[in-house]
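Participant: Next come the chains, spelled out residue by residue.
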Amino acid sequence: MKIKSDFTIQKVGSSYVAIAVGETSKTFRTMIKLNATGAFLWNLLSEKDLTEEDLVNALLAEYDVDRETAANDVHKIVTVLTDHQILQ
Amino acid sequence: MNENIEKILAEDGFYVSTTVGASMSPMLRNRKDRVVIRPVNGRLKKYDLPLYRRPDGKYVLHRIIGVRDGYYIIRGDNTYRKEKVPDDWIIGYVAEFYRNEKHFVTTQKKYRAYARVWNWIYPLRVCGVKCRLFLSKVKHAVLKPFRRKKQ
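Quick note, the sequences are listed as chains P and U, same order. Per numbering that gives the first Met the number 0, the first sequence runs over residues 0 to 87. Per numbering that gives the first Met the number 0, the second sequence runs over residues 0 to 150.
These are computed hints drawn from the structure, not numbers from a lab. Take these hints with a grain of salt, some might be off.
[Unchecked claim] Across the chosen pairs, the derived CB separations fall in these ranges: (1) P:Ala60 x U:Val128: 55 to 65 Å; (2) P:Thr78 x U:Lys44: 20 to 30 Å; (3) U:Lys44 x P:Ala35: 28 to 38 Å; (4) P:Met0 x U:Cys130: 48 to 58 Å; (5) P:His83 x U:Val66: 19 to 29 Å; (6) P:Ser4 x U:Val66: 22 to 32 Å; (7) U:Val66 x P:Asp82: 58 to 68 Å.
We treat Cβ as the ideally placed atom computed from N, Cα and C, and that holds for glycine.
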């Protein structure tokens with residue numbers, strides 16, 4: 000899975016938000032708030048086609064968390080992105 | 000733009016979106032550049048970029064070119080008509096914007112200088128548009144006798 004090219008992430012103060020640009024912004028008019036972990040995963044998914052397992056491993060390498068917490072975080076974010084049809 | 004911007008601004012304190020249309024071109028390009036809107040706290044200044052909602056419900060993001068008692072004089076950077084906008088139409092202002100990956104804060108001196116210059120050269124821009132229109136009419140009139148008639 001990968002982030003579709005018509006989406007971008009923006010840092011506003013200490014928050015991160017994802018929005019649509021280009022043609023997609025005609026129908027996708029909301030902004031999705033992400034925390035630092037979400038933004039980290041977003042950046043990975045915007046560059047490469049990755050699986051949930053890849054994301055969990057990346058999270059474990061970056062943050063001091065156990066595998067279960069990392070897997071839960073990844074699953075939550077992937078679910079949000081899937082629900083909003085942001086992934087391809 | 001989203002239909003609940005006021006609600007988002009009240010809850011989150013900011014709203015991020017692309018801009019729609021060419022009225023703020025060349026600074027903000029249609030569905031490409033992104034703006035960060037913040038709620039208004041007090042009166043805005045000349046050259047600020049307010050987001051306001053007209054009584055017909057349409058959101059507009061243009062530039063303040065005059066500050067008056069109870070209202071603003073507003074015009075888009077790429078438009079040629081002024082609009083009188085009462086204070087209570089204003090719901091926020093552009094605090095930051097992104098042009099490609101370049102980040103601008105609207106309090107930056109460099110940005111304020113750009114806004115001032117763009118406003119100063121307005122008469123020249125009007126002249127340019129009128130000249131283009133005139134030349135297009137001349138070209139049309141000159142070429143008319145040489146055009147093939149449709150059969």
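Participant: Hint by hint, which ones does this structure get wrong, listed from lowest number up?
Facilitator: 2, 5, 6, 7
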